[in-house]
Amino acid sequence: MVMQFSVKKRDGPARLGEIVIADKKVVTPNILFINTSRFKSPDFADLVVTNQDIKTEKPALRIIESIFSPLKGEGDNELHISRYMTYPKDLPDELHLSTMKLYKKGKVTCYVISGNKGIINDALENNSASFFIVGNTVQLSHQQSKFVDFITELREKIGYQKMIYLPCVGDPTSLALLTYISIDLFDSVSAILAARMGNLLFSTGKYHVNDLEEVPCSCPICSGFEGKPSEMNFQQILSHNYFALSDEIKQVRNAICSGNLRELVEIRVRTDPNLTALLRCLDQDHYDFVEKRTPIMRKNRLLATTKDALHRAEIKRFQERIIDRYKKPESTKILLLLPCSAKKPYSFSKSHRRFKERLDNLRNPQIIHEVIITSPLGIVPRELELTYPASAYDIPVTGFWDEDEKKMIRKLLKRYLAGNSYEKVILHLPRVVREIIEGIVKEPVDTEIDSGPTSHESLERLSDILKKSTESYAKIKPAIRKKEDMESLASYQFGKEIADELLKDCRIQGKYPYQKIMHNNTQLGMITKERGLISLTIDGAKVLAESGKYWVKIHDDFTLKGSVFAPGVTDADESIRISDEVVVLKNNKLCAVGVAQMNGNEMRESTHGEAVKNRHIA
Amino acid sequence: MSVLSEFCRNLKKDFTPKIKDPTRPVRCWSEKDVLAGKIVDAFVIIFRTRGCSWALNSGCTMCGYFNDSMWERISDENLLKQFETAMKRYSGEKFVKIFTSGSFLDDTEIKPRVRNEILDKLVETADKVSVESRPEYITDDKLLDIKNISQSKTFEIGTGLETANDFVREHAINKGFTFDDYKNAADVLKKNDCELKTYVLVKPPFLTEKESIEDAVGTIEKIKTITDVVSLNPTNVQRNTLVDYLWKRKQYRPAWLWSVVEILKRSKKTAGNVRIKCDIAGGGGIRGAHNCRECDSKFLEAISSFSLHQDVKIFDDLDCNCYDKWLDQIDIENIGFGSLVNMYG
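Quick mapping for you: the protein sequence lines, in order, are chains R and U.
So the numbering used here is basically just the index in the first sequence, starting at one, shifted up by 169.
So the numbering used here is basically just the index in the second sequence, starting at one, shifted up by 19.
Keep in mind the hints are simulated off the structure, nothing from the lab.
The hints are all genuine.
In the DSS-like style, the derived pairs of lysine-lysine whose C-alpha atoms are separated by at most 25 Å in a straight line are:
no.	chain 1	residue 1	chain 2	residue 2
1	U	K241	R	K241
2	U	K229	R	K241
3	R	K241	U	K288
4	R	K209	U	K344
5	R	K241	U	K284
6	U	K269	R	K375
7	U	K202	R	K241
8	U	K51	U	K107
On a predicted model such as this, the values are computed, not experimentally measured, just so you know.
Generate coordinates for the entire structure from the input sequences, incorporating the hints supplied.
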């Protein structure tokens, strides 16, 4: 085996991995620095690519001759590609397909596939390669939507365990985005091309040395350079560019580790309309691709500081679950629409504490269902305030709502009300938000607060209206409402059927937010502020195990101790997402419950890594 | 028919020739060439025929000479009229070169009767007649007829081998014959005391700049004992060809003149005895072999001079700022797997 690859961490479709080439370990995503007689790779390169017979200490990919070359080099015990064949990008698919007969797949580790979506199936047939190089990438990248189509399709077809190397297009502005769409390896071509044209590369774009007054950088080359940027020579510019690539790929890896690559991507794509277009194509056309790789829950704040953040998979997923899975607490009759707060979860903010005081003073607050109107999530029922992303988003608040946000809120509220009915709706919202939802709610009672929702005057008015509105309703026991709230959260997390089953004959114990689901004296699960989701006990897991969902099957002879590792998994529910609550089945019998560390598909395919972090073992 | 052939055929599907006058040749002119070691004037005639049989079938990926053909039968009388027209401009040059945008020895293009009449007339004054043909038409029968007419005069046939690599010829050029076919034709020519000029292509589609240099140098090395003359032909982008299709989509770059010089220098070293000439069609233009604009005419002059004098020293003084860009292209193009087909324009 020339090379082994394993994924260590994930952040959306992006992966942090490790390649072992001839006993040397290299972290991915990474840069293959070109190492030829003309271009020496820098000392800090982890990995090099060469097309010559140059020996290096570093792990190397060696490109030997193509099938058209009269020279016939051989690659033996090294990572190499030889006798490959690609036609130029825009020739018809039939021609690309005709190369398959000539370009033998055999037992190769590396395989080059032209960036044509129509040939992927044929190219992968009987193909044992684990390292895929995309040919004609530059030409493909000019057609943004086709580019994203191709990469996502290739990734879906080759699965999670293989690597994609995208030659020539990785530069400091694009590394974050390309990594985000699941590319593992890049090269230093951009550094060379830019240097030849006199351009210094940065993560914010490229700058011609003649256009710069001072060297805007403190890399070893620039900090040691005295003089005007225009006096820098090719080699100096190139060395700077190498540092720029290296800096950025480190930043990308750090972002994957801390789970905020998406935020970095949104910053980086701003520098180039082409990159912005790629991200938008991905968000618009490949929601499923991104969604299945996006964790249900994460610790980081979701920073909605760009327009593109509105289209994040976790936001759309949240919205779809509100519409498709979520059911409001059954006995509530009055809908109270509230503004969001900067502090999350909302309940912990000053403004929401004040709302709560007013509600608590009522004789029958259980009849009221609070729903928060907000961007970019749309609508957040109070019981879901602890779940990601409602628990952890941040958006600049200016009082101005743009048309996309307005449209999104109107649409969601309309759909929500179609599936959840109330006898009365009370609006306690700033005027601008009231205007947005005008006409969607029939005959709402409006607190008409123009002095701000938390002013004494408006809170008094809220109390007044709430009191009048709730008077006529029979009192609902707080214990019943508590259970219904948990049921609503469970319906969001697992779907209505499982929620009903889980909460059957149960009561809720404990002080919000730490609440336990109790069946007689047995605890089935609990919600924690940290996770914002229901964590199950083995007893609670039985319900999940019988539901036919969220299951992970492991080998019969596997003795479960700590976590479930991917090689032990025989099959898994493909709807499982990272951070989902899952049940581990052996011989179709429940043996553990825990939290998914990969999605269902990846568990099924992978031969490395932790699949489920077990909480309880039966 | 291979997919590549099919594609080349389809590119010509809707083609109709622009010029439809069967009585006039495509062009004729006088130029410098070498005859018996001396630089002389040579007279060139390009006949307009029905077209190359191979092109009519599918055609080569880079060849657009069919654009000059009629694509319909031309009567013997009209072909002879073309000859008459050309001969009005003929001023007794000792060297006459005949092109047909196809094969002069292909009976479907030029009937034996016409062929013989043309040759009859030419050998009255010329010492050397040069024509072109694909190998499949080079047969003992035809050469016997020709030798009967040309007698002691030199008769040369140019044939487009393009490359000695059968794989490249089949899958990048779609030439439709093999290296063995070429070698057999060469044997037949030798036996009949005819000379062979071999066209070697620089930069077929799908090859990198470097692969193309190696391919051409390797080809010349392989044919140096077979051919009398090598004519090195850098691809120029001719309309309605696969190369044109790619070029329009920025997926083909004609050869650098640096590469041409490199091939000439290296080949002259290893194949010193064979004459290597190089006419660069469209040289210096965007569709032809070119460097950076600045230095193109300097390079073209040097290459022309080399063709006549065979002296590589003429290349010693060539220099330009674009040298580094060309070296980059040579050094890393294949690392791009198609992405770096044109790194710097």
